[in-house]
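K.L.:
Keeping the supplied structure of chain A fixed, place chain B upon it in accordance with the hints.
Sequence lines, in order, name chains A and B.
The first sequence lines up with residues 1 to 111 when you count with my numbering.
The second sequence lines up with residues 1001 to 1115 when you count with my numbering.
Hints were generated in silico from the structure; no laboratory data involved.
Some hints here could point you the wrong way.
Below, simulated SDA-like cross-link-like pairs (lysine to any residue); rule was C-alpha separation at most 20 Å, straight line [unchecked claim]:
1) A:Lys59 - B:Gln1014
2) A:Lys57 - A:Lys78
3) A:Lys42 - B:Arg1111
4) A:Lys42 - B:Pro1108
5) A:Lys58 - A:Asp17
6) A:Lys69 - A:Phe30
7) B:Lys1042 - A:Tyr72
8) A:Lys110 - A:Pro82
9) A:Lys42 - B:Arg1022
10) B:Lys1078 - B:Glu1059
11) A:Lys57 - A:Leu47
12) B:Lys1042 - B:Thr1113
13) A:Lys58 - B:Thr1103
14) A:Lys42 - B:Met1089
15) A:Lys69 - A:Asn53
16) A:Lys42 - B:Thr1101
17) B:Lys1057 - B:Glu1044
18) B:Lys1078 - B:Ile1038
19) B:Lys1042 - B:Ser1087
20) A:Lys42 - B:His1010
21) A:Lys69 - B:Thr1101
22) A:Lys58 - B:Thr1101
A few chain A residues that face chain B, going by a derived Cβ cut-off under 8 Å, partial list only [said to hold, decoys possible]:
23) Tyr31
24) Ala32
25) Ala41
26) Ser43
27) Ala46
28) Ala86
29) Gly96
30) Asn97
31) Leu99
32) Thr100
Where chain A lies over chain B, by a calculated footprint (3+ residues, C-beta under 8 Å) [unchecked claim]:
33) 1042–1048
34) 1053–1064
Heads up, the beta-carbon is just placed ideally off N, CA and C, and yes, glycines get one too.
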Amino acid sequence: ILNVEQSPQSLHVQEGDSTNFTCSFPSSNFYALHWYRWETAKSPEALFVMTLNGDEKKKGRISATLNTKEGYSYLYIKGSQPEDSATYLCASKAAGNKLTFGGGTRVLVKP
Amino acid sequence: EPEVTQTPSHQVTQMGQEVILRCVPISNHLYFYWYRQILGQKVEFLVSFYNNEISEKSEIFDDQFSVERPDGSNFTLKIRSTKLEDSAMYFCASSATGQDTDTQYFGPGTRLTVL
Chain A
1 ILNVEQSPQS LHVQEGDSTN FTCSFPSSNF YALHWYRWET AKSPEALFVM
51 TLNGDEKKKG RISATLNTKE GYSYLYIKGS QPEDSATYLC ASKAAGNKLT
101 FGGGTRVLVK P
Chain B
1001 EPEVTQTPSH QVTQMGQEVI LRCVPISNHL YFYWYRQILG QKVEFLVSFY
1051 NNEISEKSEI FDDQFSVERP DGSNFTLKIR STKLEDSAMY FCASSATGQD
1101 TDTQYFGPGT RLTVL
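Isolated chain A (complex conformation) (with noise of 0.2 Å):
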């Protein structure tokens, strides 16, 4: 059984501060892994695609870095803004087409 653990649940950061937050994943079976931010009532938005371990994508001031060898990905957000609040989604794939989700990490950036 494949299980995808986020922390923390839900963060609060102070608009300007940086944060970062984890994905785990199992090691074995390792393909791909996958991060989405989630706006409520919106489409869950494609960030990164990550496969080699060490590897490392940004995009604007989002950043995420992945280990295979011992199963996790950090991401983190610099100089936090309200418009970065949302549900912040990682998903592993193993063989095959399917996305195995976490709980996500719900993330609140106060004024």
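P.N.:
Relative to the frame of chain A, chain B by itself:
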């Protein structure tokens, strides 16, 4: 920018009724998916569809569920006899290929409420 669309945004139905959830994937994509999220739980995979047939399905996707691509643009999920526990947000997704690095693009979801 191309996007996945879903209709309706919210569907309310009585237990035992049939529902059809509709999706229009991104036009040049070849792989299609349904996921769902029961309130308070994780997003979970239901089924993937390629070349007019199911390529993978989860244990949730039993005989009550079916998928169809009735024409060149729509992708539907049918639940034959809804149960209370089918209440969830249902997401459609599509990808250009089924490769590991390929992004699955999600629609905004249909919230299904079974009374």
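K.L.:
Taking each numbered hint in turn, which are not upheld by the structure, reported in ascending numerical order?
P.N.:
1, 16 and 28
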